[in-house]
Amino acid sequence: MRKILIASHGKLASGLLSSIELLAGIKDGIVAIDAYVDDNDFEKELNQFIDSVSNEDEIFIFTDLFGGSVNQKITKRCLEEGLAANIISGMNLPVILEVLLAGEDLTKEGLNEIVQRSQQELTVNILEDLNLVAEEDEEEVFF
Amino acid sequence: MIKAVRIDERLIHGQVAMTWTKSLKLTGLVVASDEAANNDIQKMTLKMSAPSDVKVIIKNVDDAIKLLEDPRASQMNLMVLVPTVKDAVKVAKAFPTEVELMNVGNAGKMSGPSEEKVTLTKEVMLTQPELDSLKELVEIYPETVFQPTPAMEKHSAKAILSSH
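Same order as they appear, the protein sequences are chains A and C. Under the working numbering, the first residue of the first sequence carries the number 1, and numbering increases by one thereafter. Under the working numbering, the first residue of the second sequence carries the number 1001, and numbering increases by one thereafter.
All the pointers check out, no bait thrown in.
Cross-link-like lysine-lysine pairs, in silico, DSS-like; alpha carbons within 25 Å at most: (1) C:Lys1093 <-> C:Lys1158; (2) C:Lys1066 <-> C:Lys1055; (3) C:Lys1022 <-> A:Lys3; (4) C:Lys1025 <-> A:Lys27; (5) C:Lys1135 <-> C:Lys1086; (6) A:Lys108 <-> A:Lys73; (7) C:Lys1066 <-> C:Lys1093; (8) A:Lys108 <-> C:Lys1025; (9) A:Lys27 <-> C:Lys1022; (10) C:Lys1090 <-> C:Lys1135; (11) C:Lys1022 <-> A:Lys108; (12) C:Lys1086 <-> C:Lys1066; (13) C:Lys1025 <-> A:Lys3; (14) A:Lys27 <-> A:Lys3; (15) A:Lys108 <-> A:Lys3; (16) A:Lys27 <-> C:Lys1122; (17) C:Lys1122 <-> C:Lys1158; (18) A:Lys27 <-> C:Lys1154.
The set of hints was computed from the structure by calculation and includes no laboratory data.
I would like the entire structure built from these sequences, with the hints used as guidance.
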């Protein structure tokens, strides 16, 4: 089964989960960890997630910052546990949605493609470039 | 091929662009809306909202029907997006057997005063004339379902209507 962990400093992770639920209507198989929002770190939640998955699962872990303490700690635990997790950092909403909604098992290449596409979602909308195709050409462009 | 007709007052948005286009392997979105067809700014933003590998065309309802009759349309996997139930009925009458999925997504929350509306689901609230249109739609397509995204539960429009 595809298992997804979203982890962040502060409430970004649960915020992303809330948006994912609204857009895709799914939250089964997805865990969010908001780290450091109280006096504890996130060890307990991380343990719960790690206990809930096995290498039979397709594991995807999304973190906010590459090299941040959340990412470091999760990477360390996955290595210690020998967990075959795909860890993606610098997460955004498109990349999580694409992984969640990808139909079949994701290969390394498939995951890389999704990451590349999602990187392009960080874009400046240049309003002057949004031109309409002339009315009479619309159907030719469509078909 | 008309894979689906969807009633969605937001037309193309996250739910459509991210979930339906993938699950139905759509190659084109046909927006059939008299209002959107007459609004260049809305047309631009709708076109911007679709994934880059899915084509978009925005027409008033009559012209959209004409476009769907073009033989080239049968080569594509299309979703037709209409803003209201009434528009869906118009499309259904033009294609009484060709639509594979008649889908009610989001309707009635963004327009008009809510005190005159009946809440059918979290996503759909309709006025009496729209309820009548829904009955008409279900007569043509008895399998019409309320379903915001493919992963969410389907509810039969027939069953929802019978409880209102």
